[in-house]
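**Q** Using the sequences and the hints, build the whole thing.
Residue numbers (full-length UniProt numbering), protein chains in the order written: chain B, 1 to 259; chain G, 1 to 259; chain Z, 1 to 259.
In case anyone wonders, no lab produced these hints; they're calculated from the structure.
Just so you know, these numbers come straight off a predicted model, no measurement behind them.
One or more of the hints may lead you astray.
[Claimed, not checked] With a Cα cut of at most 20 Å, we get these calculated EDC-like pairs of lysine to aspartate or glutamate:
1. LYS183(B) to GLU182(Z)
2. LYS212(B) to GLU182(Z)
3. LYS183(G) to GLU185(Z)
4. LYS14(G) to ASP68(G)
5. LYS89(Z) to GLU4(B)
6. LYS211(G) to ASP140(B)
7. LYS219(G) to ASP140(B)
8. LYS211(Z) to GLU173(G)
9. LYS211(G) to GLU173(B)
10. LYS183(Z) to ASP68(G)
11. LYS183(B) to GLU182(G)
12. LYS212(Z) to GLU185(Z)
13. LYS183(Z) to GLU185(B)
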Amino acid sequence: MNIEGLHLPERICKPRKHGITILIDNGVPFNLFKDTIASAGPYIDFIKFGWGTSIITSCLEQKISFLDENNVDFFFGGTLFEKFLSQKKVDEYYNFCKRYGSAFVEISNGTIDIPNREKARFIEEFSKDFIVFSEVGHKDSVISNTLHSEDWVQFIQEDLEAGAYKVITEARESGTSGLCDEKGEMRFDIVGRIREAGISLANIIFEAPNKKLQTSFIKLAGPNVNLANIPFTDPISLETLRLGLRSDTFYTFHEGEYE
Amino acid sequence: MNIEGLHLPERICKPRKHGITILIDNGVPFNLFKDTIASAGPYIDFIKFGWGTSIITSCLEQKISFLDENNVDFFFGGTLFEKFLSQKKVDEYYNFCKRYGSAFVEISNGTIDIPNREKARFIEEFSKDFIVFSEVGHKDSVISNTLHSEDWVQFIQEDLEAGAYKVITEARESGTSGLCDEKGEMRFDIVGRIREAGISLANIIFEAPNKKLQTSFIKLAGPNVNLANIPFTDPISLETLRLGLRSDTFYTFHEGEYE
Amino acid sequence: MNIEGLHLPERICKPRKHGITILIDNGVPFNLFKDTIASAGPYIDFIKFGWGTSIITSCLEQKISFLDENNVDFFFGGTLFEKFLSQKKVDEYYNFCKRYGSAFVEISNGTIDIPNREKARFIEEFSKDFIVFSEVGHKDSVISNTLHSEDWVQFIQEDLEAGAYKVITEARESGTSGLCDEKGEMRFDIVGRIREAGISLANIIFEAPNKKLQTSFIKLAGPNVNLANIPFTDPISLETLRLGLRSDTFYTFHEGEYE
Chain B
1 MNIEGLHLPE
11 RICKPRKHGI
21 TILIDNGVPF
31 NLFKDTIASA
41 GPYIDFIKFG
51 WGTSIITSCL
61 EQKISFLDEN
71 NVDFFFGGTL
81 FEKFLSQKKV
91 DEYYNFCKRY
101 GSAFVEISNG
111 TIDIPNREKA
121 RFIEEFSKDF
131 IVFSEVGHKD
141 SVISNTLHSE
151 DWVQFIQEDL
161 EAGAYKVITE
171 ARESGTSGLC
181 DEKGEMRFDI
191 VGRIREAGIS
201 LANIIFEAPN
211 KKLQTSFIKL
221 AGPNVNLANI
231 PFTDPISLET
241 LRLGLRSDTF
251 YTFHEGEYE
Chain G
1 MNIEGLHLPE
11 RICKPRKHGI
21 TILIDNGVPF
31 NLFKDTIASA
41 GPYIDFIKFG
51 WGTSIITSCL
61 EQKISFLDEN
71 NVDFFFGGTL
81 FEKFLSQKKV
91 DEYYNFCKRY
101 GSAFVEISNG
111 TIDIPNREKA
121 RFIEEFSKDF
131 IVFSEVGHKD
141 SVISNTLHSE
151 DWVQFIQEDL
161 EAGAYKVITE
171 ARESGTSGLC
181 DEKGEMRFDI
191 VGRIREAGIS
201 LANIIFEAPN
211 KKLQTSFIKL
221 AGPNVNLANI
231 PFTDPISLET
241 LRLGLRSDTF
251 YTFHEGEYE
Chain Z
1 MNIEGLHLPE
11 RICKPRKHGI
21 TILIDNGVPF
31 NLFKDTIASA
41 GPYIDFIKFG
51 WGTSIITSCL
61 EQKISFLDEN
71 NVDFFFGGTL
81 FEKFLSQKKV
91 DEYYNFCKRY
101 GSAFVEISNG
111 TIDIPNREKA
121 RFIEEFSKDF
131 IVFSEVGHKD
141 SVISNTLHSE
151 DWVQFIQEDL
161 EAGAYKVITE
171 ARESGTSGLC
181 DEKGEMRFDI
191 VGRIREAGIS
201 LANIIFEAPN
211 KKLQTSFIKL
221 AGPNVNLANI
231 PFTDPISLET
241 LRLGLRSDTF
251 YTFHEGEYE
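**A** And the structure:
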């Protein structure tokens, strides 16, 4: 790719299946929401309305209309699904998603304690009417640490077999649980096992809420790695990381350069 | 409370005396200010114009007009009072507050070194013309650590007796002094002593500048705990914490749910 | 300076050569960009378009027009210069800066490994057509630690002799490299040596991306210290620090006050 005469890594363009960026909306006010989409639209594939924010947001309908007009997809955070499930109201959740015209849905068990096999049944069910993102990993860092890399591989495979479009690996907004340890370091052992098991990283979306994790995943899997939980402040700076335009990934992609 | 079929904890509605949320304005630009109030008005009771920001903000009058139109109250940060006091210009501060039509005022000694008894005299004085929030606790974490839980109880009682409407417990914007230790952990011993002394938590407002502290206080005192120093980015996410719509407080309020 | 009857330290007014504040634009959406400039214009001297963000920002031209109308100067981050240099395309960078009407340019070697002497030659070259900010210090904290205070002094002198208008000391957006150690503490030994060498701090601009560093530099060099890498959220709060209107610098400037 060539910008201003600079030789930069190739980026797949929207609409794309790989190299996607998912921003997390934690309750962004409406004009700032529009401002961000309008200014960085080509670098944003999805908005995730984080956890239960959507049901107390007065401007949800207007936000969704604006996304439609600007070719950005959306879905509701998995914690909202879990809240409905915890109150045995999955049908109400189904209706909620349908009412807002969501084509995508996230099915997770990051907070509630149900076996992955049961989550997989919900994936199967929802796959009939939605494109399903599933999520693997716990939000609690202590429980997360009890999950071995073998468990991760098994759960990811189970979810994909049940019909998940892609599997999101948990890291929370803080980047300190799920695929990350309490200190915010990526657990390389898990990613290594995922690859050894022959799972394509094209099917995985990594939650990467901060620059350190974004850098790690881009170095690991290239400029077109799928990333989620990107703060609303970050779409442009993430894109510069993908393109080697920031110090952190400056030397990741190019060879034969001035050194 | 019922939203989208979900059973959620009861929240007192505005105008309310308990369960209030105070946002801190650290110099937010005018359109973002309006955008936030317009998008999350029902979840915001007060704006505190942080420390001395108000006197160098060109759009202060317009901000205040917008608050009036949207039923959000305001007051100026206690540090501004202390600055006027340190220059022996308390009358000028009184006039400043009157000129902007403030119904509320914050009286504190978080930075200047005056005994609580002297602060209480100012509370008494200002109570004649304003509704007074007083603040207990030091901004300096070393000095904060010298305050025993007994001192906290005594100062809170002194302030309430002097006429304070509610007492705010210091934590700063960083959450690492006052009622918190340097590591950002809430000092449970102090809160325990406050309760033992028979002070109603309805009379206390806890500064809770981050999710960790917000979660701690909600777990401690329920969805209608009074919270201050909430960042401008957080009114919606705080409300989801109050309602158990985020992982951190998911299981705090409901029983008999799916587990 | 007198505001609302308060005696405050003297601040040099815009257009000014000392006491300048440089905000870093990390990809701020267009309306928020305008909102910030409009609300805090008197406290902002320059916008630095951080690292390579400028070349993937669709609204760059409009941003620059808005700056022109509001008497705020700008330049592109040094990492962009280094990217062009690493691909042996310095002429293209020159043309890029000219095309956008930039009067200023930043020349750095924070990422690429070239000796300071070579950087100084570029300073000399660009000085013919631009006002040059040079930067000293490495973005990598390990490499930064190998730089002795003597090296800092030598590089700063070399840059000034080559024609640099002012020299920026590296700290990154995180405040954990360059003039700061990994823990975010300012390296006082370096600043001490700079002063001993007779270099006026008026010629230095300190990167100070957070309150802790801003406070340190203001305490060190007064309210009119030159500061860069100020987050877009901070121009008002920084100005209150400069003026002693926040707890952190409350007692820095005034004597004979109430204590």
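**Q** Would the hint linking LYS183(B) and GLU182(G) be met if the CA-CA limit is 20 Å?
**A** Holds, because 18 Å separates the two Cα atoms, which is no more than 20 Å.
**Q** Measure nothing beyond the straight line between the CA atoms of LYS212(B) and GLU182(Z); if it is 20 Å or shorter, mark the hint as holding.
**A** OK: LYS212(B) and GLU182(Z) at ~15 Å, within 20 Å.
**Q** Is the Cα-Cα distance between LYS211(G) and GLU173(B) 20 Å or less?
**A** holds (11 Å)
**Q** Do the alpha carbons of LYS211(G) and ASP140(B) lie within 20 Å of each other, as the hint requires?
**A** OK: LYS211(G) and ASP140(B) at ~15 Å, within 20 Å.
**Q** Taking only the CA atoms, is the gap from LYS183(G) to GLU185(Z) under or equal to 20 Å?
**A** holds (17 Å)
**Q** Is it true that the CA of LYS89(Z) sits at most 20 Å from the CA of GLU4(B)?
**A** holds (10 Å)
**Q** Assess, step by step, whether the Cα of LYS212(Z) is no farther than 20 Å from the Cα of GLU185(Z), and give holds or violated.
**A** Satisfied, since the Cα-Cα distance of roughly 9 Å is no more than 20 Å.
**Q** Please verify whether LYS219(G) and ASP140(B) have alpha carbons no more than 20 Å apart.
**A** Satisfied, since the Cα-Cα distance of roughly 16 Å is no more than 20 Å.
**Q** If you draw a straight line from the CA of LYS183(B) to the CA of GLU182(Z), is it 20 Å or shorter?
**A** holds (15 Å)
**Q** Next pair to validate is LYS211(Z) with GLU173(G); report whether the Cα-Cα distance is within 20 Å.
**A** holds (11 Å)
**Q** Tell me if the straight-line CA distance from LYS183(Z) to ASP68(G) falls inside 20 Å.
**A** The given pair, whose Cα atoms are some 44 Å apart, is violated under the 20 Å limit.
**Q** Run the distance test for LYS183(Z) versus GLU185(B): straight-line Cα separation, threshold 20 Å.
**A** Satisfied, since the Cα-Cα distance of roughly 17 Å is no more than 20 Å.
Figure legend: structure checked against the earlier numbered hints; the only hint not met is number 10.
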